[in-house]
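Fit chain B to the given chain A structure using the hints.
Just so you know, the sequences run in chain order A and B.
Residue numbering for the first sequence follows my numbering, starting at 1 and increasing by one per position.
Residue numbering for the second sequence follows my numbering, starting at 1 and increasing by one per position.
Since the hints were made in silico from the structure, they are not lab data.
Built from N, CA and C at the ideal position, the CB exists for glycine as well.
Keep in mind that the hints are not guaranteed to be accurate.
[Unchecked claim] With a Cα cut of at most 25 Å, we get these calculated DMTMM-like pairs of lysine to aspartate or glutamate:
id, chain 1, residue 1, chain 2, residue 2
1, B, Lys22, A, Glu58
2, A, Lys3, A, Asp83
3, B, Lys22, A, Asp90
4, B, Lys3, A, Glu30
5, A, Lys80, A, Glu27
6, B, Lys40, B, Glu30
7, B, Lys82, B, Glu20
8, B, Lys3, A, Asp88
9, A, Lys3, B, Glu20
10, A, Lys40, B, Asp49
11, A, Lys3, B, Glu58
12, A, Lys22, A, Glu35
[As the list claims (entries may be wrong)] Cβ-Cβ distance ranges computed for the label pairs, FRET-style:
id, chain 1, residue 1, chain 2, residue 2, range
13, B, Leu81, A, Glu19, 37 to 47 Å
14, B, Glu30, A, Ala23, 38 to 48 Å
15, B, Val89, A, Leu96, 34 to 44 Å
There are 2 protein chains.
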Amino acid sequence: MTKSIRVVARIIAYPEKVEELKAVFLELIEPTRQENGCIKYELLQNQSDPTEFTFVEEWASHEALDAHLASAHIQTAVAKLKDLVASDVDIRRYSLLA
Amino acid sequence: MTKSIRVVARIIAYPEKVEELKAVFLELIEPTRQENGCIKYELLQNQSDPTEFTFVEEWASHEALDAHLASAHIQTAVAKLKDLVASDVDIRRYSLLA
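Chain A extracted, bound-state conformation (with noise of 0.2 Å):
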């Protein structure tokens, strides 16, 4: 059986700019869920620092995971975080050890 990837993205807001980018990101999710190879796809907030936001993902391989960033409706978004994020999307893919 081929493991799957596991994924935590996180994302910081301006801090004007949560609620934005917050509703962009909560678009995100129905699509995703829809994709090929999508297990699971959660979007979490920091409850200490309502900035930060994390996407915690579970894809059944590369290839899927590489598709949904290729995808239209991430590429919408990430047309739209310019003036909504105050760093770079840091995406980190994971293997569950246990």
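Showing chain B alone in chain A's frame:
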């Protein structure tokens, strides 16, 4: 219904201590999953930087998470970390948005 607490905790090992730290973390899995209020407790390893370990967790309440952090198995692990980790443990608490 009280919302559960999501946690992402990130730790960087010294390069020569990766396997030793992994063993310490693997010993935490079973006793932690048996704790009251533990909904999910997963250990991940970064695929491009194996010195980075990340726990992805879900707890029924802050009280359950605080009890976990004060537990004997966590305190035993923390006592072993000093010579194994290159950074402080970065523990962040999140709310699930979607």
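We went through each hint and held it up to the structure:
Only pairs whose Cα atoms come within 25 Å are accepted, and B/Lys22 paired with A/Glu58 is accepted, the gap being roughly 21 Å. For the suggested pair A/Lys3 and A/Asp83, the alpha carbons sit about 37 Å apart, so the restraint of at most 25 Å is broken. A distance of roughly 23 Å separates the Cα atoms of B/Lys22 and A/Asp90; the hinted pair therefore holds under the 25 Å criterion. The suggested pairing of B/Lys3 with A/Glu30 holds, with an alpha-carbon distance near 21 Å, which does not exceed 25 Å.
Taking the CA atoms of A/Lys80 and A/Glu27, the gap is about 12 Å. The hint holds against a cut of 25 Å. Annotation: proposed proximity of B/Lys40 to B/Glu30 holds, straight-line Cα distance about 11 Å (limit 25 Å). Our distance criterion of 25 Å between C-alpha atoms is met by B/Lys82 and B/Glu20, whose separation comes to about 12 Å. Between B/Lys3 and A/Asp88, the direct Cα distance comes to roughly 30 Å. Violation of the 25 Å bound is thereby established for this hinted pair.
Note on A/Lys3 and B/Glu20: the hinted pairing holds, with a Cα-Cα distance of about 23 Å set against a maximum of 25 Å. Taking the CA atoms of A/Lys40 and B/Asp49, the gap is near 23 Å; set against the 25 Å cutoff, the hint holds. At roughly 22 Å between alpha-carbon atoms, A/Lys3 and B/Glu58 fall within 25 Å of each other, so this suggested pair holds. Restraint check: the Cα-Cα separation between A/Lys22 and A/Glu35 comes to about 21 Å, which is no more than 25 Å; the hinted pair holds.
The beta-carbon spacing between B/Leu81 and A/Glu19, approximately 38 Å, falls within the hinted interval of 37 to 47 Å. With their beta carbons about 41 Å apart, B/Glu30 and A/Ala23 fall inside the hinted range of 38 to 48 Å. A beta carbon spacing of about 19 Å between B/Val89 and A/Leu96 contradicts the range 34 to 44 Å that was offered as a hint.
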